[in-house]
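Colleague: Following the hints, complete the assembly by docking chain B onto the known chain A.
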Amino acid sequence: MNAAAPAAALEAEGLCKSFRAVRALDHVDLTLRYGEVTALLGDNGAGKSTFVKCVAGVYAPDAGVLRVDGVATSITTPDAARALGIETVHQTLAVIDTLDVAENLFLNREHTRGGPIGAWLGVLDKKRMRSETEHILERLGIRIPSLRHSMGALSGGQRQAVAIGRATAWGRQIVMLDEPAAALGVEQAARVLELILNLREGGAAVLLITHNMDRVSEVCDRAVVLRQGRKTAEVAVGDVTKDDLVGYITGAKSQQAHS
Amino acid sequence: MIKRALQRRQFAAPRQYVVYAAAVLIFGLFAVVLRDDGFVTASNLLNIGRQAAPIAVMAVGMAFALGAAEIDLSIGSVAALSSLVVADAVGSLGFAAGVAITLAIGMGIGAVNGFIAVKVRIPSFLVTLGTLGIVSGVARNLNNLQSLPIRNDTYLNVFGAGSLGPISSLLIWTVIVGVVGHLVLHQLRWGRHVLAVGADRSAAGALGIKTDRVRIAALIASATAASLAGMLLAGRLAIGRHDLGENLLLTVIAAVVIGGTNLFGGRASVAGAIAGSIVMAMLNNGLILMGLRVADQLIARGAIIILAVALSMREQKET
Chain A
990 MNAAAPAAAL EAEGLCKSFR AVRALDHVDL TLRYGEVTAL LGDNGAGKST
1040 FVKCVAGVYA PDAGVLRVDG VATSITTPDA ARALGIETVH QTLAVIDTLD
1090 VAENLFLNRE HTRGGPIGAW LGVLDKKRMR SETEHILERL GIRIPSLRHS
1140 MGALSGGQRQ AVAIGRATAW GRQIVMLDEP AAALGVEQAA RVLELILNLR
1190 EGGAAVLLIT HNMDRVSEVC DRAVVLRQGR KTAEVAVGDV TKDDLVGYIT
1240 GAKSQQAHS
Chain B
-5 MIKRALQRRQ FAAPRQYVVY AAAVLIFGLF AVVLRDDGFV TASNLLNIGR
45 QAAPIAVMAV GMAFALGAAE IDLSIGSVAA LSSLVVADAV GSLGFAAGVA
95 ITLAIGMGIG AVNGFIAVKV RIPSFLVTLG TLGIVSGVAR NLNNLQSLPI
145 RNDTYLNVFG AGSLGPISSL LIWTVIVGVV GHLVLHQLRW GRHVLAVGAD
195 RSAAGALGIK TDRVRIAALI ASATAASLAG MLLAGRLAIG RHDLGENLLL
245 TVIAAVVIGG TNLFGGRASV AGAIAGSIVM AMLNNGLILM GLRVADQLIA
295 RGAIIILAVA LSMREQKET
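So the sequence lines, in the order shown, correspond to chains A and B.
According to the working numbering, the first sequence is numbered sequentially starting from 990.
According to the working numbering, the second sequence is numbered sequentially starting from -5.
Watch out, some of these pointers could steer you wrong.
[What the hints assert, rightly or not] Straight-line distance between alpha carbons at most 25 Å, and here's what the computed DMTMM-like set of lysine to aspartate or glutamate pairs gives:
#	chain 1	residue 1	chain 2	residue 2
1	A	1231	A	1207
2	B	113	A	1068
3	B	204	A	1114
4	A	1116	A	1086
5	B	113	A	1051
6	A	1116	A	1127
7	B	204	A	1086
8	A	1242	A	1232
9	A	1231	A	1032
10	A	1242	A	1203
11	A	1115	A	1089
12	B	204	A	1051
13	A	1115	A	1086
14	A	1242	A	1089
15	B	204	A	1068
16	A	1116	A	1099
17	A	1231	A	1183
18	A	1242	A	1015
19	A	1231	A	1089
20	A	1231	A	1210
21	B	204	A	1002
22	A	1242	A	1210
23	B	204	A	1089
24	A	1115	A	1127
Hint data in this document are derived by calculation from the structure and do not stem from the laboratory.
Only chain A is shown next, with the shape it has when bound in the complex:
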């Protein structure tokens, strides 16, 4: 890494979210920087997915500030997050099994034809979306036998590839991936890591949730550890061992986070 820290893309400050009596997020501070991959680690129920959903506009945080490029914003809907350039691959992938690949890739981002009237009615430009889908998949090196297949007919790896392709295809600068390589074969997982590294090279700020410590050391620059909704550690991946990270996650080790 360069001596000068890259610019902050996304800053979360004092983010809180409770579900009834459970504090899923307790004053979490987290910064994503351009050209960096940040790992978000923690045990099940530590608040990782909740954090992602708060930034992605799925949940509304109870308290705290989100800044995108230094500007405080409130992200109240998934649309708002997308408009700010924040793309998310959710743990569930959020793909629609009954729609085909192109339909999934462009879902809620459909091209329309027929001028302003067509846009108002929402007349789909299927041809354009299909051809752009081909380009996107080719550029990302994702191989799908046929774009006309419904998502439900694809393998787990292909589904995941499409979901990641959807998040990364738009030249967006902030990408969050919730367990993107879980349940993938070795080759497919390697492919996903390659996509992540491509994103970093392109200058994007990436947040990666994973349970796999090998992956953390392979692609991540920094790691933030959550435990019971609180940030318990923030380290440069190069400075610690895998055992250290596991220690932070289980609570055997602790570090007073100072940011």
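Modeller: Same frame as chain A, now just chain B:
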């Protein structure tokens, strides 16, 4: 994996054609069995078409509701209420205003259904079961169980016995609703969002689709279609009555599901719904021509519907 996907695709392909095969099969069967009872006469076929029209119009609306993983059980009562309202309103306010008011009432009932289902988070089958009762009650109160004659010629021409050239206006309405429904479902963004919400509401929501609006609109579509169907029933018989179309609910659901629409959302077919309506109309007609008593018709129709839906749902589970 890819091979398996391809194989699945091949198996899946005929599914949407089952309803057309069934239509041909049933037609052939009745043509042979009922050849002496006049099944294949021009007047009887026209009769089947005229009976299928209100079923088909409701079925297209129901395809949107089911596609969005909602269901609208109030359609029969909405059709009945609409037949009465239109009979009254066309008489007192004239053709255009009467039709507009009736459709507006249908839309309103759909909006109430949708709003309660979405905002109060009550499953739509319960909400619409409630409105089914309320709307039936209102229809019964409206004219004290009496039927209301319609004497407006324009209305009877457009929604009933009239025709454009040789084509009955009821069939024209079916074609219009079918073409519009098909285009909306497959060519418009909203149709795609209906299927996305029906297949996986939380995934659709995570992508920013306004799932509440989509679900409310789907229930408005089904109630509005039911209202139009009620107007067609009224036009066909030249009366409005508190029970016109009230018993069509099961027939409509069967028509839609046989036509390839998934009962649990995510997949819908407008063309299939119309073909399914023709199948149901042929069955009704054939059972009557066979000379079954009304009670036996009910029993036979119920059994056939369960069988047909069971068969088409088994097909759907394969994919």
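Colleague: Confirm or reject each hint.
Modeller: Outcome of the hint check:
1. At most 25 Å may separate the alpha-carbon atoms for a hinted pair to count; residue 1231/A and residue 1207/A meet this at roughly 11 Å.
2. About 20 Å separates the Cα atoms of residue 113/B and residue 1068/A, which keeps this hinted pair within 25 Å; it holds.
3. Taking the CA atoms of residue 204/B and residue 1114/A, the gap is about 21 Å. The hint holds against a cut of 25 Å.
4. The suggested pairing of residue 1116/A with residue 1086/A holds, with an alpha-carbon distance near 21 Å, which does not exceed 25 Å.
5. Simply put, residue 113/B and residue 1051/A have alpha-carbon atoms about 22 Å apart, close enough for the 25 Å limit, and the pair holds.
6. Under the criterion of a C-alpha separation no larger than 25 Å, the hint pairing residue 1116/A with residue 1127/A is consistent with the structure, at around 17 Å.
7. Under the criterion of a C-alpha separation no larger than 25 Å, the hint pairing residue 204/B with residue 1086/A is consistent with the structure, at around 19 Å.
8. Of the pairs offered as hints, the one joining residue 1242/A and residue 1232/A holds, with about 10 Å between alpha carbons and a cut-off of 25 Å not exceeded.
9. At roughly 15 Å between alpha-carbon atoms, residue 1231/A and residue 1032/A fall within 25 Å of each other, so this suggested pair holds.
10. Note on residue 1242/A and residue 1203/A: the hinted pairing holds, with a Cα-Cα distance of about 19 Å set against a maximum of 25 Å.
11. At roughly 12 Å between alpha-carbon atoms, residue 1115/A and residue 1089/A fall within 25 Å of each other, so this suggested pair holds.
12. Annotation: proposed proximity of residue 204/B to residue 1051/A holds, straight-line Cα distance about 22 Å (limit 25 Å).
13. Taken as a hint, the residue 1115/A and residue 1086/A pair is honoured in the structure, with Cα atoms around 18 Å apart against an allowance of 25 Å.
14. With a CA separation close to 47 Å, the supplied pair residue 1242/A and residue 1089/A exceeds the 25 Å bound.
15. Between residue 204/B and residue 1068/A the CA atoms are separated by roughly 9 Å; this keeps the pair inside 25 Å, and the hint holds.
16. Taking the CA atoms of residue 1116/A and residue 1099/A, the gap is about 11 Å. The hint holds against a cut of 25 Å.
17. As the CA atoms of residue 1231/A and residue 1183/A are separated by approximately 21 Å, the hinted pair is consistent with the 25 Å bound.
18. For the suggested pair residue 1242/A and residue 1015/A, the alpha carbons sit about 19 Å apart, so the restraint of at most 25 Å is met.
19. For the hint pairing residue 1231/A with residue 1089/A, the CA-to-CA distance comes to about 40 Å; that exceeds 25 Å, so the pair is violated.
20. Taking the CA atoms of residue 1231/A and residue 1210/A, the gap is near 13 Å; set against the 25 Å cutoff, the hint holds.
21. At most 25 Å may separate the alpha-carbon atoms for a hinted pair to count; residue 204/B and residue 1002/A exceed this at roughly 28 Å.
22. Proximity of residue 1242/A to residue 1210/A is assessed by CA-CA distance (about 20 Å); at most 25 Å being required, the pair is judged to hold.
23. Of the pairs offered as hints, the one joining residue 204/B and residue 1089/A holds, with about 20 Å between alpha carbons and a cut-off of 25 Å not exceeded.
24. A C-alpha spacing of about 18 Å is found between residue 1115/A and residue 1127/A, which places the hinted pair at or below 25 Å, so the restraint holds.
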